[in-house]
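Colleague: Between the sequences and the hints, there should be enough to build the whole structure, so can you do that?
Chains as they are written, first to last, in numbering that gives the first Met the number 0: chain A, 0 to 366; chain B, 0 to 366; chain C, 0 to 366; chain D, 0 to 366.
Treat the hints as calculated values from the structure; they're not laboratory data. Accuracy of the hints is not assured; some may be wrong.
Identical chains share a label here; the pair holds if one copy fits it or two copies do between them.
[Said to hold, decoys possible] No more than 20 Å apart at the CA atoms, straight line, and that leaves these computed lysine to aspartate or glutamate pairs for DMTMM-like:
| no. | residue 1 | residue 2 |
| --- | --- | --- |
| 1 | K266 | E357 |
| 2 | K17 | E357 |
| 3 | K126 | E290 |
| 4 | K126 | E284 |
| 5 | K39 | D356 |
| 6 | K126 | E321 |
| 7 | K289 | D68 |
| 8 | K289 | E147 |
| 9 | K266 | E147 |
| 10 | K266 | D186 |
There are 4 protein chains.
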Amino acid sequence: MDSRAASEAERTGKFMIKAGIIGATGYAGNELVRILSCHKDVEIVWLGSKSYIDQKYSKVYQNMFRLVDDVCKADDVNELAGQVDVIFTATPQGFLAGLLTEEILSKTKVVDLSADFRIKDVAVYEKWYGIRHQSPQFLGEAVYGLCEINRALITPDTRLVANPGCYTTCSILTAYPLVKEGLIDVDTLIIDAKSGTSGAGRGAKVANLFCEVNENMKAYGVASHRHTPEIEEQLGYAGNRPVTLSFTPHLVPMNRGILVTEYASLKRGPDGSLPDYARIRAAYEKYYAKERFIRLLDAGVCPETKWVEGSNYVDINFVLDERTGRVILMGALDNLVKGAAGQAVQNMNLLFSLPEDEGLLMPPMFP
Amino acid sequence: MDSRAASEAERTGKFMIKAGIIGATGYAGNELVRILSCHKDVEIVWLGSKSYIDQKYSKVYQNMFRLVDDVCKADDVNELAGQVDVIFTATPQGFLAGLLTEEILSKTKVVDLSADFRIKDVAVYEKWYGIRHQSPQFLGEAVYGLCEINRALITPDTRLVANPGCYTTCSILTAYPLVKEGLIDVDTLIIDAKSGTSGAGRGAKVANLFCEVNENMKAYGVASHRHTPEIEEQLGYAGNRPVTLSFTPHLVPMNRGILVTEYASLKRGPDGSLPDYARIRAAYEKYYAKERFIRLLDAGVCPETKWVEGSNYVDINFVLDERTGRVILMGALDNLVKGAAGQAVQNMNLLFSLPEDEGLLMPPMFP
Amino acid sequence: MDSRAASEAERTGKFMIKAGIIGATGYAGNELVRILSCHKDVEIVWLGSKSYIDQKYSKVYQNMFRLVDDVCKADDVNELAGQVDVIFTATPQGFLAGLLTEEILSKTKVVDLSADFRIKDVAVYEKWYGIRHQSPQFLGEAVYGLCEINRALITPDTRLVANPGCYTTCSILTAYPLVKEGLIDVDTLIIDAKSGTSGAGRGAKVANLFCEVNENMKAYGVASHRHTPEIEEQLGYAGNRPVTLSFTPHLVPMNRGILVTEYASLKRGPDGSLPDYARIRAAYEKYYAKERFIRLLDAGVCPETKWVEGSNYVDINFVLDERTGRVILMGALDNLVKGAAGQAVQNMNLLFSLPEDEGLLMPPMFP
Amino acid sequence: MDSRAASEAERTGKFMIKAGIIGATGYAGNELVRILSCHKDVEIVWLGSKSYIDQKYSKVYQNMFRLVDDVCKADDVNELAGQVDVIFTATPQGFLAGLLTEEILSKTKVVDLSADFRIKDVAVYEKWYGIRHQSPQFLGEAVYGLCEINRALITPDTRLVANPGCYTTCSILTAYPLVKEGLIDVDTLIIDAKSGTSGAGRGAKVANLFCEVNENMKAYGVASHRHTPEIEEQLGYAGNRPVTLSFTPHLVPMNRGILVTEYASLKRGPDGSLPDYARIRAAYEKYYAKERFIRLLDAGVCPETKWVEGSNYVDINFVLDERTGRVILMGALDNLVKGAAGQAVQNMNLLFSLPEDEGLLMPPMFP
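Modeller: And the structure:
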């Protein structure tokens, strides 16, 4: 793809992972192209698109002008499966489930950025997404690719990774240590999430026009957003019991970035005392101190989406509120990187035994 | 001020309310000028400023070029008191408390846009604001000017109105009917608030620079924001018991607009059932159906800040979430209008027995 | 429409202008509704729409919730003509020309916000717009509604007003006095124009999505934009000779506002000297000193779009550059007000012998 | 600095360029840190700051949290000179000129991002900048670091590089081939430039507050901006004759990005004909076809700032306007990268005989 990378591979005879991207002309697809084109072990060999077949990719995404010379091909997973080591599917819900076969998985690995294989319980999926799941037989095999938590499960033997959603990644990682350590009453957990507009995709809809979004703010999908059951399922595993929570997404006038603010009542100890700051901090440190991509901020510093923009980092912090007995958790990430393409590449690195942060070390860009 | 208004008054001999604005060169002050310059019963006779004394007001706020000819005067409340019927103080915390006297109040009415007289308990004020209150003797007299709730108390006899804060107005009005009717468990109330940047004022601070705010989002003042006790006190009156709640403000990259998302557990009836949609809706209708400036949206419509921009309206709605037993409340207003200057004028109208909506009927501007 | 206005009319028996809006669900249409709903002499009786027929207007534009109760009707000009005193057509090019008849004009006045009747030479129109003009027989009768220049032609006898475009209004008014007074070499005139995104309309196109416009800037229609011949024709009348100029529009990430920066070489006097500051200023004063809606700024102050937002004002100023012998002209307006709906109402006021500024005195809103 | 880079150097014994940044806490300084922290041959050993001495750099720029551990030191060039191979000065005008000595230059190379050594004629500098130049003796030695044009002059022997300004880089590169080839009448050249707000720096000024810039647009420094003589001087070298031109900068509500639109009359050939498209295109190809960081766009594609954001690319194109005999040139770049830090690193690469694009290959980020 990047002619320099390709020729280097030819010259050196080095093994390059051949990757195909289905849905390469969406925002997450373009972000995959941006990241993979700089990944020293990957060669992009297929840019699939539904709407721009046979058009030059760099006409659709002018940022890649002179960096990517290829034309878009069809979103043809069967054809592609025989040609690549890994397929990224950045496609609408139901697309991959509608065509996935044993034959495809026998030929190539799949990292799916859609929700098709994230939820184990097919009934839950079908209820929240309102479509029938076409290939539930792969749900058991699919690994939920939240690397920091499920790293051990993402190995060269893994064939199908369900890459977590943007809201979900941020929501789960922000709460995980406290749920895992039993510090909060999960029944009180409320997640108020705010997202930039790139999460809404590149489809031409009135609601996403500049003049409708700019200088505006709103909640949407209140008590009904599809990321809810995904968060509940994963936090359920962490807490070892079913979780029902409130999740409210909001649209904010910016391109990139998700911020979650989470509220939960702290569990009191046998003596009626609340866990103190050090106890909560220790829980976070226990799980995240060595994580490359999770940054626990210093006490008193609130995460800001701009501080992680363009990078694979998640910034997390919390405030203990003794007045209310609650802890307020905050997490921020770039929805197109750690919330989509970056995490997908992180998963790919694990699938191919590469350093987990390969190609993902770009620092956040400010301002 | 507006030469046309003034000359009309001269010509017709009609009584005009003489108004002075202290802090006229802040954003809320400029909004007062915008609104009052169109108010047919008001003449602005004093534009007070700390930083721009003797400069033409329209040099400081070029939007008023040729509409306001006066130069800024000092923020001299004593001098001003003898000249006007009403003083608006759009000043920092502690300013008005530091100089208010019986003599001033004997000469003129005061509508205070700061927090100085909003909180009845001086200890609470001093704890949250970190300054000593200089004139607690007027706390008892001050009326909390949330017109929709305290209308009966705002009369020609009232001398001092504590105009509610922007976050506060939105937070209280959104929850009030459900607290008043006892439909929610107030101990579970969580308010996640998002604000445009004009609420931060016109002071030159790095944190409010365009490049720091744009494409960025963050929480701030977590578990410690000064509007918290104000909300708690007012909702305490509504529920007839003390309230302790979580309030988290966020900064969003837009000029105007506050959106609150509030979460509370519904109180179950004797039979264990949750209040249904109709019951909750009826509570809102009971208090707001006849309110000019509160718009209960149709079922399923979420408030958006853009839909109220530039106007004195508050848009409110809710979603009943049976899964969690919670209700999610949403409210949106323009922080400079209903959250500051517009509400101050609404109070002024009541103080002078004018129609409450006089000068406040501008429709929201979109986009 | 506004039930208060309607009932007041009923009560007082006062004559109200009945107005219909065709294309009421575009951004300019909504701005007409905002302005006319506050106009004390107008009653809106028809909200025409192509895409939202039979839907409540306030569902399409939630800002008008509870302010406008009507449902959208068809864009049926013939039907409407018999019911109203004036029709505003905020419709795509070719729409009005495709259906206008003598019968319609015999029944009602038409203020057309499209380009159909702005250009007198039908060949020029057809070349730049790429469509055949369906009713050139009305071109002679149509008055170009740039009120400050053509005021005398807009009278109760006028039946058809071609309301100028947004770029055009700003471009012409900024240069007019200098062209009229022969102070600049018109052959050197270059207009570099920048516009907010509402000028692109509410159509769902990828290029107008928030993520495509935000944090971005570009020129478009370079050397080929359709407003070019309109500017050339009008400045040709001013200078009494044909004009050919460069006009380059740019898209800027904001909702409202047009800023033009114009460059022209000053004509030297017989002694080789350039006109001085006073001479150029005097030219502007000569034509604009008494204009309500044109504000010549003080020396050294550059127009900013924010200073006119939401209002019908045009702010204009210039800088004399002796180094290059050029004058740089600058003008700013709100494209939806003075550049569309506000100017249309200004024209309507003239058509019905009302004060020209009736309903148009809202001050600019800042920030 | 980056502990990984440092330790790698220690481990491998590889030579690392030691770099110091003076003014590291401005926006350009932070961009240098972002880029250099990923540069495989550079070790940052000094982060100088005027306002944040002894504070952790990552407290000032939270994006570098856990990526940069150092505290800020003083802006002490003399002290620093003995410790590093290259100093980047991202400081206000006059700073470097006020302290530069032969001793400093005998110890280290300096890449100056300020204007102090860009203009050869000290009288011109002093007139436009309004300050006395404190070390004109180095003006002759300083190389104007516009790599694409002066590449041959930037060598391991070079001690002092004057890194071009953001507006200047974009303005010059966009016009250079046509001036060099004599295709345009340089006396007619007009440059209308638009910039994001990061170019205004991180100083706390009212004019740069979010609410003042957002939803606003204005020209500034009209006919008097300091980048004018820098552009004139460089284009004068290209055209081999003095140049006087119009340059008008505008402030636009976005963080990053400069767009220039340039207008010039084409020179007619002996037969009176204009150069055609192919001729103009050929001029651009002649100078830029092999340039890594200049992208001549396909015919009809207008540069957009978003397509180069975060990268070192300049996108350039033109439109031939036969109607007016003019050519309209357009160029776009990221003011903090190619307009500041990226170009500075490009210069550093040349100074140390590294591949010119080392550390600068990050693709533009969209959206």
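Colleague: It remains to establish, for every hint, whether it holds in the given structure.
Modeller: Do the hints match the structure? See the list:
1. K266 / E357: neither (39 Å within a copy, 52 Å between copies)
2. K17 / E357: within (16 Å within a copy, 25 Å between copies)
3. K126 / E290: neither (35 Å within a copy, 40 Å between copies)
4. K126 / E284: Intra 37 Å, inter 33 Å, cutoff 20 Å: neither.
5. K39 / D356: both (12 Å within a copy, 16 Å between copies)
6. K126 / E321: between (39 Å within a copy, 16 Å between copies)
7. K289 / D68: between (39 Å within a copy, 16 Å between copies)
8. K289 / E147: The answer is within: 10 Å in one copy meets 20 Å, while 44 Å across copies does not.
9. K266 / E147: For K266 and E147, neither the intra-copy (25 Å) nor the inter-copy (39 Å) Cα distance is at most 20 Å.
10. K266 / D186: both (11 Å within a copy, 16 Å between copies)
Checked against the numbered hints above, the structure violates hints 1, 3, 4, 9; every other hint is satisfied.
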